[in-house]
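Engineer: Below are the chains, spelled out letter by letter.
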Amino acid sequence: MKHIFQQVFRSGKFVTGFSIFSAIMLIVIFYPMIVTVSPLGIIGQGTFFPPGIYVSVYDSMSATSYTLNLDGASEMRIASKLNEEDRLAVKDWLVAAGIPESEIDIADTAKLLDQWFTNYDPKKNIPGMTNAKRNYFVRLNTALKGLLSDEGAIVMQTNPQTGELAQIDTIQQTDYVNVGEVANVRMLPLGTDNFGRDVLTELISATRVSLQIGFVAGLIATLIGLTLGLFAGYVGGLVDDIIMFITNLFIVIPPFVLLILISFSIGQEQRGAFTIAVVIGLTSWVWTARAVRSQVISLRNRDHVNLSKLSGHSIVHIILTDILPYIMSYVIMALILQISSGILAEAQLSILGLGPRTTEVPTLGLMMNWAMIYQAHILGNWWAYMPVLVTIALITFSMNLMNTGMDQVFNPALRD
Amino acid sequence: MANAMLEVRELSTKYVTRFNEDVYAVDKVSLKVDEGRSLGIAGESGCGKSTLALSLMGYYFPPLHYTSGEIIINGRNISGMKPDDIRKAILGKEIAYIPQAAMNALNPTRKIIHFIEDVILEHEMYVNKKDIYDRAKKLFETLGLPPEVLEKYPVELSGGMKQRTVIAISVLLLPKVLIADEPSSALDVTSQKMVIKMLKQLMDAGFISSMIFITHELPLLYNVVDDIMVMYAGQIVEKGTSHEMVFDPIHPYSKGLMGSIIVPEKGLRDVKLTAIPGVPPNLKKPPSGCRFAERCRFVRPECRVASVQLREAENGRVYRCIIPEAELREAYAREQEVQKHGN
Amino acid sequence: MLKGYLKYFLNKLGWFAITFVFAFMLNFMLPRFMPGDPVAAIVSRLAQGMSNTSGVQAIYEQYTELFGTNKPMTEQFFIYIKNVARGDFGFSFSQYPRTVSDVLGSSIWWTIALQFPAIIVGWIIGNSLGALAAYLKGGFDKVLMPISIFISNFPAFGMAVIFMVIFGVNLKWFPTSGGYGFDLIPSFSWTFFKSVITHYQLPFWSIVIIAIGGQAIGMRSMSIYELNADYVKYARFMGIRDSKIVGYVFRNAMLPQVTGLALSVGTMVGGALIAEIVFSYPGLGTTLLRAVLGQDYPLISAATLIITVMALFANFIIEILYGLIDPRIKAAQSD
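Residue numbers (my numbering), protein chains in the order written: chain H, 1 to 416; chain C, 1001 to 1343; chain P, 2001 to 2335.
If you are wondering where the hints come from, they were derived from the structure by calculation, not from laboratory data.
Where is the CB? At the ideal position from N, CA and C, for every residue including glycine.
Be a bit skeptical, because a hint or two may be false.
Unchecked claim - Selected chain P positions facing chain H (Cβ under 8 angstroms, derived; list incomplete):
#, residue
1, V2021
2, A2023
3, N2153
4, F2154
5, I2245
6, L2263
7, L2293
8, T2308
9, A2311
10, N2315
11, I2318
To be verified - List of simulated lysine-lysine pairs, PhoX-like, C-alpha gap at most 20 angstroms:
#, chain 1, residue 1, chain 2, residue 2
12, H, K13, P, K2142
13, P, K2194, C, K1152
14, C, K1152, C, K1137
15, C, K1093, P, K2233
16, P, K2244, C, K1129
17, H, K145, H, K81
18, P, K2003, C, K1111
19, H, K91, H, K133
20, P, K2007, C, K1088
21, P, K2244, C, K1093
22, C, K1088, C, K1111
23, H, K133, H, K111
24, C, K1088, P, K2244
25, H, K13, H, K91
26, P, K2194, P, K2172
27, P, K2233, C, K1111
28, C, K1176, C, K1197
29, C, K1111, P, K2244
30, P, K2003, C, K1152
Let the hints inform the model, and build the full structure from the sequences given.
Structural biologist: Written out as structure tokens, the structure reads:
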């Protein structure tokens, strides 16, 4: 046994898969201990906040301000305020005013503004320009001039006693605050989802739930498959025929369909995470049963089994002591496969909306479901679904790697 | 002097493992099989006899590689030939190979007659299917196989029938030399007899001219082949006629082989059963001296010094040992005495 | 010879019939025996007069009438069979006044047109790649294998989403949703066809890629196994040329792949349905999604039945075809 362990851990594939999987497990276990926010807590008012570090504007006003004179600060400022549309408008005006197009680069903010201020003349008559457009350019000009000024901003607050607006603070363009000193800062590495929840925390919690569902489903499926496979393979004859008949029925009928039917029939109220896991387990045991059965069939004519039979041991005893130990390696691999397909099955169910109740815990599939329904993929809000996909892929991938690694150890013929 | 149908001179071939290590499976083997005669090759598993058989075909596939030596079939030196030429002119036509466990040698999804068609059409251009069928039918009938077999799939035939079918197909093109690689090892005793009878019939009826019969069962060879050659660790250790080899082996290994078999033949019934202790050497790094030294009961320090060449004994036999044959014979006689009196 | 095949055919036909009956019964019984029996819930709501609009009430009444949900279970079953035989599944709860058969009728063809060609194309490409990898070995093999392993482990819908994002949203090569342009009405015009074809690409290719992954690995293993088989060596030694031998090998390696396809149709259909949902493709997948959202019990029940029948049928057809291409079937069963 120890020898097998050593061999398994020397297999590159297994180790890689195992590391990835353990990393996920560790994160899932330890993160909630560090970050104790509720995963389903709605923190954002509005949908799909992009990932980033969110700093309270109000609190940064009260934090100590430091003066920093950085090169290019004003350029950065102006560049971020001048959007694509306006840049194109500036370019259009300049071209219409006679500046050759080749000399205009809308990406070069400084030069663009330079050209603008040198050439802009509100009275200049551009053929074909409407009044509305002319006013637009006047406003644009004022706004652009405003960009260049280095005046600070004035903060006013209503005086609680007099009821009047009074200035309480000025913010210079060179004022900076240290993020660490601001009272309220929230890191949202994965932004928020459509409900306004922190995607990262939600994701980790969802991973935990999905893993739990996967484990339960996988365990149930493996147990059923193992038992049926053992009896079908060992006893043979009519028992085998009956079990095989049932198994084949369940292979051909799409298990997914069964899942849908059962899940829907159970109804919204009854659909807890655990119930779903049980349902998945009850519908996905087929391949395990088949695999176990063929293994048992090849084992049942071995000498040690015949010896036990001659010694008069009962069927159950023989199965437990003579056959089971030899197929343990297959059983473990089957278990891993069942777990990973259980996770996938839950995801598929949830995407349809037939997964666990949406109010208590998130699951990976549910997060996908919400993202799909709220059109995250079309709007370009990748953080709402990509991390979920990657997580699912990583989990299944790492489990399959572990499986292949073990397979090669137990089955030398497969080593490449 | 009869014509040599097959002559092999100093043939060496090797396997290259996937770690790029060389395994010298056949080491400078020379042999000659005259027209109308058959040669048996005996030895334990892994001694190189099957590799030798494959090498004789002249058609090398990784991991088997040709190193050096010559193979001359019916006067034709095939060692320098291009694989495609060998395939068209030699394989099946001049020299044919019957594989071990022939039950798996037939494509399970092709009818026997279709396979035969493939074989014949590969070598002859203008034959139509009806002629092929007639030829096959005639051949099968001559060899005692029911012609219904032609229309069947391999899965419908018994093990013995499959083996005999493979033998029949192998001689379709009337090759000069037939190599039978353990043709009866995987069969029950009755089928074994039928297979051997068939092979002998092939020689007697003139379908083939010479035969090489490979086996690890020495007693089988006594009634089947004219000459016997014993191999060990890729080398020939002794050659002689069947009678000589079975009743009067010289090399300690040959002697050991005979001693480890139950033979109800007269004269041998009293020989005690002994196993040869030890295992064959690793052919990746063959030992520098005699390759049998580790397991030989007559081993001397000189044995391990330099590689041993084949030496001539009386009446044309050869054996590979530094000990003179007279000495060996004496030692054997003494051992037999001890045995008789020890019981 | 044909007698052998006939026996096989009848065997498979019988199997198809039994599975169909079983699936049908399961489809009927499961919802009704579950704790949250939706039919009973609806009926009881009706009885308590809790349904809000008269229109909704009309639907439920019609359903009760049609399927006799106020009658004992066995009677319900026979009524159900009778109705299904007529193609009458009742009105759709969520898309009233459309009937269920109407809704299904329009989406089923989209699904068939998408999934079956996609799975078959994927199967063919996957097996060819696997066979090539086994035959060519070397660089091609080393590149193909990790890619295949990675893709086959990726969840089905994941592939669909990635395709959509890369090709639909970012590169804007293909439209991201629908079966055809929103502004078009189905007709036999060239514009319509062109639109259909462009919309077809992304869902089609994502399902193909998923089907490829698993097949390539399997075919490669089978091919390697066959390439090292004894009959290959023997055929070589009889002088048969390599190209012919390769033909033998791949024909033999393919047989278990066909069986594998028959068995995995059921699983693939699930993944393909999700892909349809991702692309809002007007097939059974999206229909199901909307049905679930709208608690539309008759639609869900009928849709699952149709999907099951489709899968069963596909399985049957593939098994029949297998009997035709494996010569041993005709032979072995004839005595």
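Engineer: For which of the previously enumerated hints does the structure constitute a violation, in increasing order of number?
Structural biologist: Numbers 1, 5, 11, 13, 20, 22, 23, 25, in rising order.
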